[in-house]
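Top line first, the protein sequences correspond to chains X and H. Going by this note's numbering, the first residue of the first sequence is number 1, and it counts up by one from there. Going by this note's numbering, the first residue of the second sequence is number 1001, and it counts up by one from there.
Simulated from the structure, these hints should not be mistaken for lab results. There's no promise every hint is true.
[Stated by the list, open to error] One side only, chain H facing chain X, incomplete, derived with CB under 8 Å:
1) L1080
2) L1097
3) F1130
Bear in mind that the values here come from a model prediction, so they are computed numbers and not experimental data. All C-beta atoms in this analysis are idealised placements derived from N, C-alpha and C, irrespective of residue type, glycine included.
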Amino acid sequence: MRFVFEKRKATSISALILVPLISFAVSLCLTALLLTIFGADPLKTYSAMAIGAFGSLHGFAETLVKAIPLMMTGLGVAIAFQLKFWNIGAEGQLTLGGVAAAGVALFLEQYLPGPFLLVGALLGGLLAGALWAGIPAILKTSLNVDETLVTLMMNYIAILFSEYLYYGPWRDPKGYGFPGSRMFSSNAWLPRIVGRAHIGILIALFVALVLWFILRRTRWGFELQIIGASQQAARYQGVAVERNIVLAITLSGALCGLAGAFEVTGISHRLQQGLSIGYGYTAIIVAWMSQLNPLVIPFVAVALAALSVGGDQVQMIMGLPAAMGTVMQGLILFPMLAGSLFTEYRLLAVKDNKSNLPG
Amino acid sequence: MDFVTSILTITIRAGTSLTIATIGEIFTERTGILNLGVEGIMLMGALSAFTAVFYSHSIMLGILVAMVIGGLLALIHAFLTTTMRANQVVSGLSITLFGTGFSSFLGQRLGPESNNFRLVGLRAERILPFAPKWAKDIPILSAFLNQDIITYLVYLLIPLAWFFLYKTRPGLWLRSVGEDPYTADAMGIDVTKTRYFYTIIGGMLIALGGAHLSLSYTPGWSENITGGRGWIVIALVIFSMWNPARAVWGSLLFGGINAVQFRLQASGTSIPANFLNMLPYIGTIIVLVAITWWEALSKKVGAPAALGSSYMREEK
Chain X
1 MRFVFEKRKA
11 TSISALILVP
21 LISFAVSLCL
31 TALLLTIFGA
41 DPLKTYSAMA
51 IGAFGSLHGF
61 AETLVKAIPL
71 MMTGLGVAIA
81 FQLKFWNIGA
91 EGQLTLGGVA
101 AAGVALFLEQ
111 YLPGPFLLVG
121 ALLGGLLAGA
131 LWAGIPAILK
141 TSLNVDETLV
151 TLMMNYIAIL
161 FSEYLYYGPW
171 RDPKGYGFPG
181 SRMFSSNAWL
191 PRIVGRAHIG
201 ILIALFVALV
211 LWFILRRTRW
221 GFELQIIGAS
231 QQAARYQGVA
241 VERNIVLAIT
251 LSGALCGLAG
261 AFEVTGISHR
271 LQQGLSIGYG
281 YTAIIVAWMS
291 QLNPLVIPFV
301 AVALAALSVG
311 GDQVQMIMGL
321 PAAMGTVMQG
331 LILFPMLAGS
341 LFTEYRLLAV
351 KDNKSNLPG
Chain H
1001 MDFVTSILTI
1011 TIRAGTSLTI
1021 ATIGEIFTER
1031 TGILNLGVEG
1041 IMLMGALSAF
1051 TAVFYSHSIM
1061 LGILVAMVIG
1071 GLLALIHAFL
1081 TTTMRANQVV
1091 SGLSITLFGT
1101 GFSSFLGQRL
1111 GPESNNFRLV
1121 GLRAERILPF
1131 APKWAKDIPI
1141 LSAFLNQDII
1151 TYLVYLLIPL
1161 AWFFLYKTRP
1171 GLWLRSVGED
1181 PYTADAMGID
1191 VTKTRYFYTI
1201 IGGMLIALGG
1211 AHLSLSYTPG
1221 WSENITGGRG
1231 WIVIALVIFS
1241 MWNPARAVWG
1251 SLLFGGINAV
1261 QFRLQASGTS
1271 IPANFLNMLP
1281 YIGTIIVLVA
1291 ITWWEALSKK
1301 VGAPAALGSS
1311 YMREEK
């Protein structure tokens, strides 16, 4: 008897739900092992993490604060991944979005009265993200330049550029040498709901709904799905492959840029260090764990944000490195990837019968 | 002449880790497996090599530990992409995400108590450059012969890797698995075993590149010590058109950009440091565009045909 994999006719719904849950559990076990090796009590650590992330209103608000950029960038990455366009530039698109929003908030105050300043800042972030993502999309569609590398290299460029601004020309002269711009006028502040959690959460949820509708229920979304499955098939069907890729990737970048605009107008109220802290990379985990489904992304984003807030808590209470949260996030992906086989294939036992062999 | 020699010396020193890792990744990609985990594996290699040397005072052991760790991480990638047929891009990205997080975690945990369990700021034995006496005064050549033992090994590795890939039977088998796994299988080559083997070899070489950073080029541990070098390696593989003999040119080019950057910074130029630091990344994009354009014009394809796709024996 031997085992072979047989391709399922349709992806298995139960595997679709079970695989992420089991992956999460496996990650918890692996991290528990790691914690034990380093002499920490896993149960104590996990309960401290859970209490830190969900145990208080303040903690929950902080979890939402981290979930908002993860949702926005996760949604952005999901659009790109749907097309098998490996956009790992969400970090740079977010950073440049933050820079552009800060630019509008700092320098266009006299031209944009009242709430228009905030709207202008958000639009600025959106546009900057879209343009920054547009470059690799055009390079890919016109010259077939590998997008993984271009998007990643552009992250470094965007981050160095933002540092240049807040250490250099945009630095607050009254900031006692603190690396950051001056604070925006309160017209450019995104209203807050609870703690530091701002209305960006509502916008992100709305975007998730709209995106689900666009990707799964409209003609354009259908075209994108065909392109993702096979560019050749899409061309036979008369789909404008190149134009659609550029459009979709620009949209992907716009969402990431908006995430950056949320960060500066909603949280820091200035351009400063700490804008680029890896949301754009965690977004890849968010998108993949959600199996690129926009309606699942908000939940996964909250779960991963909780790991990160919990990690900070554990650092304060138990003196463990906060990077532990990142390690756990990374450890979720391995079982997730291994499990993805079962959503598309099923394991069959066949009798090893020589007459079955061809020839 | 002294100036050129000194620039070239730094260039080669900076290019060493890039060259080793590029050759490792070429071996992996030639079997059809794209490993985007280079950055994470280099980081873990740099961390484990430094830690091992710090405690054991043995450079040999440090290099050995780094290569074992690199092989293990590559094994995860091989298992996920070959046995479990996971998406190669996402699996590689996961290795990088995990390696980045885990090396940062361990860097705050593996140090001695006197340093608050941190590795940052510690010093350990390092691999020192040495030069033969007769070569000391010859311009240009002395740049090549004023290096550490790993660089000297790279001088050997480049022709050996080329010879192995293009002139030996196992090299031919390896390339055929990456070009057409179905035919390779029909010829009696074990596709799965080949992919596992060279992905692991690749991971070991990539980690050795990381070890060169923490033991020689920028001795010591600092978070993100690679600064994106792992990603530049992926670009260099494309730049070299998957040929180890050409890997050296790309590595020298990027090593050269690094050297020029150092020189300009030292000379107190008015260009802000941040713009100088962008040079390697902008350089990568320009080189990538140029090489892709040239490939399209000359109708040459360097990439192994089966790169990035998993092999399903049942689905012929």
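Evaluated hints:
1. L1080: 5 Å, holds
2. L1097: This interface hint holds because 5 Å falls under the 8 Å limit.
3. F1130: 34 Å, violated
When held up to the earlier numbered hints, the structure conflicts with hint 3 and nothing else.
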